[in-house]
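A.B. asks: Sequence:
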Amino acid sequence: MDLGRHAREEQKRQRELLSKGFELRLQMCKYGKEYKVQNQAKLEQLKTELEEVRKAKEEKEAIKKLAEDKETEALKKYRDLEDEKKREQDELEMKKHQEEERNNAEDAFNELDLNMDGILTFDELQKNPIFDQNHDGSVSEEEAKFFLHMKEEMELDEFITTGWMIMKPIYTMSKVTPIPPPPEVTTPMPSLEKAEEELRKEAEHSVDHQLEREEEDLDDTRHEDTDEEEDDDLEPPEFPPKEKEEEDDSASSVESPKQEEQESKYDPETQALIEEAKTAREQFSAADETFRKAESEIRRLEDTLNTDFGPEEEFASLKDQCFEFTDREYIYKLCPFEKASQRPKSEGTETSLGRWGSWNGSDDLKYSQQKYEGGTSCWNGPSRSTIVNIHCGLQNELTSASEPNRCEYMFDFSTPAACSTRPALEEHVHTEL
1 MDLGRHAREE
11 QKRQRELLSK
21 GFELRLQMCK
31 YGKEYKVQNQ
41 AKLEQLKTEL
51 EEVRKAKEEK
61 EAIKKLAEDK
71 ETEALKKYRD
81 LEDEKKREQD
91 ELEMKKHQEE
101 ERNNAEDAFN
111 ELDLNMDGIL
121 TFDELQKNPI
131 FDQNHDGSVS
141 EEEAKFFLHM
151 KEEMELDEFI
161 TTGWMIMKPI
171 YTMSKVTPIP
181 PPPEVTTPMP
191 SLEKAEEELR
201 KEAEHSVDHQ
211 LEREEEDLDD
221 TRHEDTDEEE
231 DDDLEPPEFP
241 PKEKEEEDDS
251 ASSVESPKQE
261 EQESKYDPET
271 QALIEEAKTA
281 REQFSAADET
291 FRKAESEIRR
301 LEDTLNTDFG
311 PEEEFASLKD
321 QCFEFTDREY
331 IYKLCPFEKA
341 SQRPKSEGTE
351 TSLGRWGSWN
361 GSDDLKYSQQ
371 KYEGGTSCWN
381 GPSRSTIVNI
391 HCGLQNELTS
401 ASEPNRCEYM
411 FDFSTPAACS
421 TRPALEEHVH
431 TEL
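In UniProt numbering, the protein residues as written are 1 to 433.
Check the hints yourself; a few may be wrong.
16 Å max Cα-Cα, derived EDC-like pairs, lysine to aspartate or glutamate [what the hints assert, rightly or not]:
id, residue 1, residue 2
1, LYS65, GLU276
2, LYS366, GLU312
3, LYS36, ASP320
4, LYS57, GLU289
5, LYS319, GLU269
6, LYS345, GLU329
7, LYS371, ASP412
8, LYS64, GLU282
9, LYS333, GLU397
10, LYS339, GLU408
11, LYS64, GLU297
12, LYS47, GLU302
13, LYS278, GLU71
14, LYS319, GLU338
15, LYS70, GLU276
16, LYS168, GLU71
17, LYS36, ASP308
18, LYS265, GLU275
19, LYS36, ASP412
20, LYS42, GLU297
21, LYS60, GLU289
Distance windows between CB atoms, simulated [claimed, not checked]:
id, residue 1, residue 2, range
22, ARG15, THR399, 52 to 58 Å
23, THR399, SER362, 19 to 25 Å
24, ARG13, GLU350, 58 to 64 Å
25, LYS42, GLU350, 48 to 54 Å
26, LYS293, LYS95, 55 to 61 Å
27, GLU289, LEU365, 45 to 51 Å
28, LEU66, LYS168, 53 to 59 Å
Since the hints were derived computationally from the structure, they do not count as laboratory data. Model, not experiment: these values are computed from the prediction. Positions of the beta carbon are idealized from the N, C-alpha and C atoms, including for glycine.
Turn these sequences into a full structure, and let the hints steer you where they fit.
C.D. replies: Spelled out as structure tokens, the structure:
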């Protein structure tokens, strides 16, 4: 008797569940059909508006092009002036450089021309130790002639155009690091490397001494600043701070010429064309953005209308909603007709388990299963995918999630939209005597 009563109660509970679920499904069907009609109307309206938006965009684009052409033409004379100014500046710098090089060459020639006869000879170069290339203590004839293009002598003009180019590096270096003259006594002449090393040490000693003095001066300055700060702390600050105001005024007076120079860079007519082109670009950008948004919304509506929400649109209300299920390690998420994903309960990034693919049920039960595919690839494995089993329930709820096979997930989702069968009337229960 107890078992029979329990069975009848369970049957009654199931009938009530199916009955309530079926009623909720009817409401979801009604919503889905209205949702489809509304989206269809929005789509038609947007397509009509899109043509108007397209025309507005094209008009703004034409205005922008015309304004930019005028702006380009007006700015051309300024660019030409700037280019000409730059060319002149480059020419001046080149001439200045050439003049400096000529002066340096003349100075070197006059210094090396010992008898000042206007002719530089190889024997005159032999008397200068900077031309001792092999560092044997003397300048050979070959070493001297090398700097005269293997000639015995060279006049000033030829030296400036050809000889100076060869001689310049070593001559300039000798001015930076002087080489001591050869000794007159029989004492062996120190090598060039040794002389340079001694000069380098002297220079380092001088630099170190100078740095020590600067550090001492800096310490004294810091002590003076500290004393001044302590004195300032003893006196209340003056209000208003007159010196600050004077500094601000002087700063403003310094900036004013720069601002005036910036403002006066273009004549009023050119400045007006620049502003006109700027406004035209801004207006075109706004029109283009409006057009792109309209196109995007049209694509979204078309995708929605092309989605199979069930034979009576009963699953349409699930779109744009998301449902979660939490186990010991992960939080699983299902956004019907969009995506499936998971993320760690602790902090971590979301992993895609697939995007909406299609209904995956058998022919008779097509709408009992969904498939989401193309998710994040597993390490050395396929892309993740998810199968969602749809069950009848009084609430839209993600009830379980698992990974039965590597990279293949299984969700269970209950919804009134799956309660497609109206429960039969209560049958008379016969009790066997």
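A.B. asks: Now tell me if each hint is right for this structure.
C.D. replies: Hints, verified against the model:
About 11 Å separates the Cα atoms of LYS65 and GLU276, which keeps this hinted pair within 16 Å; it holds. With a C-alpha separation of about 13 Å, the suggested pair LYS366 and GLU312 falls inside the 16 Å cut-off, and the hint holds. The hinted pair formed by LYS36 and ASP320 meets the criterion: a straight-line CA distance of about 14 Å does not exceed 16 Å. As the CA atoms of LYS57 and GLU289 are separated by approximately 9 Å, the hinted pair is consistent with the 16 Å bound.
Of the pairs offered as hints, the one joining LYS319 and GLU269 is violated, with about 57 Å between alpha carbons and a cut-off of 16 Å exceeded. A hinted pair counts as satisfied when its Cα atoms are at most 16 Å apart, and LYS345 with GLU329 qualifies at roughly 6 Å. Among the hinted pairs, LYS371 with ASP412 is consistent with the structure: their alpha-carbon atoms are about 12 Å apart, no more than 16 Å. Taking the CA atoms of LYS64 and GLU282, the gap is near 9 Å; set against the 16 Å cutoff, the hint holds.
For the given pair, LYS333 sits about 11 Å from GLU397 by alpha-carbon distance, which is consistent with the 16 Å threshold. Between LYS339 and GLU408 the alpha-carbon distance is near 14 Å, which keeps this suggested pair within the 16 Å criterion. This hinted pair does not check out: LYS64 and GLU297 have alpha carbons roughly 26 Å apart, beyond 16 Å. For a cut-off of 16 Å, the pair hint linking LYS47 to GLU302 stands: about 11 Å separates their Cα positions.
The hinted pair formed by LYS278 and GLU71 meets the criterion: a straight-line CA distance of about 9 Å does not exceed 16 Å. For a cut-off of 16 Å, the pair hint linking LYS319 to GLU338 stands: about 8 Å separates their Cα positions. Between LYS70 and GLU276 the CA atoms are separated by roughly 9 Å; this keeps the pair inside 16 Å, and the hint holds. Straight-line distance between C-alpha atoms of LYS168 and GLU71 comes to about 51 Å, which puts the hinted pair past the 16 Å bound.
At most 16 Å may separate the alpha-carbon atoms for a hinted pair to count; LYS36 and ASP308 meet this at roughly 11 Å. For the suggested pair LYS265 and GLU275, the alpha carbons sit about 14 Å apart, so the restraint of at most 16 Å is met. This hinted pair does not check out: LYS36 and ASP412 have alpha carbons roughly 27 Å apart, beyond 16 Å. For the hint pairing LYS42 with GLU297, the CA-to-CA distance comes to about 10 Å; that is within 16 Å, so the pair holds.
Distance check on the hinted pair: LYS60 and GLU289 sit about 12 Å apart at the alpha-carbon level, within 16 Å; holds. A beta carbon spacing of about 21 Å between ARG15 and THR399 contradicts the range 52 to 58 Å that was offered as a hint. Taking 19 to 25 Å as the suggested C-beta distance range, the pair THR399 and SER362 conforms, at roughly 21 Å. Here the CB-CB span from ARG13 to GLU350 is close to 38 Å, at odds with the stated 58 to 64 Å.
Distance hint for LYS42 and GLU350: a CB-CB separation of about 31 Å, inconsistent with the stated range 48 to 54 Å. The beta-carbon spacing between LYS293 and LYS95, approximately 59 Å, falls within the hinted interval of 55 to 61 Å. At roughly 46 Å, the beta-carbon separation of GLU289 and LEU365 lies within the given 45 to 51 Å, and the hint holds. Range check, LEU66 to LYS168: Cβ separation about 58 Å, and the 53 to 59 Å hint holds.
In terms of the numbered hints stated before, the structure departs from hints 5, 11, 16, 19, 22, 24, 25, listed from lowest to highest.
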